[in-house]
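One line per chain: the protein sequences are A, B and C, in this order. Quick note on numbering: the first sequence equals residues 2 to 159 in the working numbering. Quick note on numbering: the second sequence equals residues 2 to 159 in the working numbering. Quick note on numbering: the third sequence equals residues 2 to 159 in the working numbering.
These are calculated hints, taken from the structure and not from any lab test. A hint or two may mislead.
Same chains, same label: a pair holds when it works inside one copy or across any pair of copies.
[Claimed, not checked] Under the rule of at most 20 Å between Cα atoms (straight-line distance), these lysine to any residue pairs were calculated in the SDA-like manner:
(1) Lys148 <-> Gly7
(2) Lys97 <-> Ala152
(3) Lys120 <-> Asp131
(4) Lys120 <-> Ala33
(5) Lys97 <-> Lys120
(6) Lys129 <-> Ala96
(7) Lys148 <-> Gly113
(8) Lys51 <-> Lys148
(9) Lys97 <-> Lys129
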Amino acid sequence: MADKNGTTILLLSGDFDKVFAAFSLASAAASAGMDTTIFFTFWGLKAIQKGNLTGSGFMGRMIGLLNRGGLGRLNPSKFSFGGMGRWMFKKMMAAKGAAGLPELRQACIDLGVRFLACKMSMDVMEIKRDDLIPEVDDVVGAATAMKFAAASAVQYFI
Amino acid sequence: MADKNGTTILLLSGDFDKVFAAFSLASAAASAGMDTTIFFTFWGLKAIQKGNLTGSGFMGRMIGLLNRGGLGRLNPSKFSFGGMGRWMFKKMMAAKGAAGLPELRQACIDLGVRFLACKMSMDVMEIKRDDLIPEVDDVVGAATAMKFAAASAVQYFI
Amino acid sequence: MADKNGTTILLLSGDFDKVFAAFSLASAAASAGMDTTIFFTFWGLKAIQKGNLTGSGFMGRMIGLLNRGGLGRLNPSKFSFGGMGRWMFKKMMAAKGAAGLPELRQACIDLGVRFLACKMSMDVMEIKRDDLIPEVDDVVGAATAMKFAAASAVQYFI
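The task is simple: from the sequences and hints, build the whole structure.
See below:
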């Protein structure tokens with residue numbers, strides 16, 4: 002076996018802080034020359050949606066309603082306070098010159114991080130390929146995610 | 002050192018979506034021929050309980066009360082709405098032909114995934130071996146979980 | 002490549018149960034002779050603060066207010082009930098002779114676990130080096146955390 006040099010991140014969370022961590026780690030790994038993959042599943046899909054996550058059926062619309070937003074409207078895992086926590090974080094991060102989520106995601110894209118979307122989550126939540134940003138490389142299942150993970154030196158579930 | 006080919010998942014969460022992810026990844030890993038282990042700790046124990054998690058003492062009953070359910074009554078990490086989120090997820094998953102938690106857990110068992118339960122969590126939460134499904138292979142401590150992890154190619158904390 | 006024998010834990014959570022898991026796993030790894038590192042980021046910084054996490058600016062004070070406590074006042078990820086969940090857990094753990102968070106953290110320190118604090122989180126949350134316990138080895142960025150992770154046999158994101 003050749004030495005493994007990749008990183009695979011499974012992103013289930015759609016919380017601001019966790020998505021932030023995922024993109025930070027992925028861009029750090031890719032910057033260091035590691036072959037890097039993020040597999041977006043469940044709420045993590047919010048990080049690669051174009052706008053709202055809204056399925057065509059009743060259930061999908063319902064989830065979309067609860068979930069409305071886009072990358073700019075994710076709440077932190079603590080202290081969301083109806084958006085107040087997000088506002089505070091953004092404010093503080095801007096004040097400190099930290100990159101925002103859209104910039105971090107773009108950095109990942111520019112550094113060649115592979116974006117994989119979970120097929121089953123998309124089916125269940127009634128999200129179509131067209132609802133996701135075009136930079137998503139592929140729509141795959143858990144077996145493919147595990148294959149990337151097994152070939153990687155570093156794996157994270159976030 | 003021989004090439005590592007295993008997967009070890011530490012499951013601390015009892016949320017529907019995270020338990021679902023753990024069983025999905027474990028069954029995918031085992032299907033791919035990897036030696037696969039799940040270590041159930043804290044709320045993760047709910048995924049291998051027979052019925053309710055109720056300790057014999059006052060504290061244990063109290064936790065059991067808060068925690069009542071079983072595999073069929075886990076709520077998602079977001080939008081639980083007193084069970085509404087769970088109902089929606091189940092509805093959507095059934096509509097899409099996705100396996101439910103009991104089916105996924107059974108698939109893990111059938112594929113030979115090793116189920117380990119955290120001794121300390123069981124002590125603290127007053128859960129007895131007999132409260133867990135018989136398919137649990139062993140009750141062990143964190144040191145044993147780390148040993149399995151260190152011998153694995155892939156590790157996740159969920 | 003020499004065989005990897007380390008463990009790197011990225012701790013983003015400040016929840017009682019997850020901090021507990023991080024320190025338990027780290028001390029188990031270090032006890033087994035593994036070179037062990039914890040990278041504390043976002044809420045995870047609460048686990049290595051001296052007292053309250055309070056920044057000097059308005060935003061920092063606000064986060065500090067929401068976040069007040071210290072290692073002895075972390076709430077579990079479920080059932081916090083304004084501190085009730087924490088109280089119950091402590092009560093049950095003491096009754097069962099399980100170590101508390103301060104003891105577990107001290108065990109990590111005594112076993113030589115490397116404590117790294119996330120520079121960007123500290124900047125954003127207005128936390129100074131002096132607000133952290135002196136046992137913190139260094140304040141570093143995500144790139145350094147990834148370097149430790151890539152050199153480790155086991156990685157967890159908690």
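Checked hints:
1. Lys148 <-> Gly7: both (12 Å within a copy, 12 Å between copies)
2. Lys97 <-> Ala152: neither (37 Å within a copy, 30 Å between copies)
3. Lys120 <-> Asp131: within (13 Å within a copy, 38 Å between copies)
4. Lys120 <-> Ala33: The answer is between: 18 Å across copies meets 20 Å, while 29 Å in one copy does not.
5. Lys97 <-> Lys120: between (38 Å within a copy, 11 Å between copies)
6. Lys129 <-> Ala96: between (37 Å within a copy, 16 Å between copies)
7. Lys148 <-> Gly113: both (19 Å within a copy, 19 Å between copies)
8. Lys51 <-> Lys148: neither (27 Å within a copy, 32 Å between copies)
9. Lys97 <-> Lys129: between (37 Å within a copy, 14 Å between copies)
The earlier numbered hints that this structure contradicts are 2, 8.
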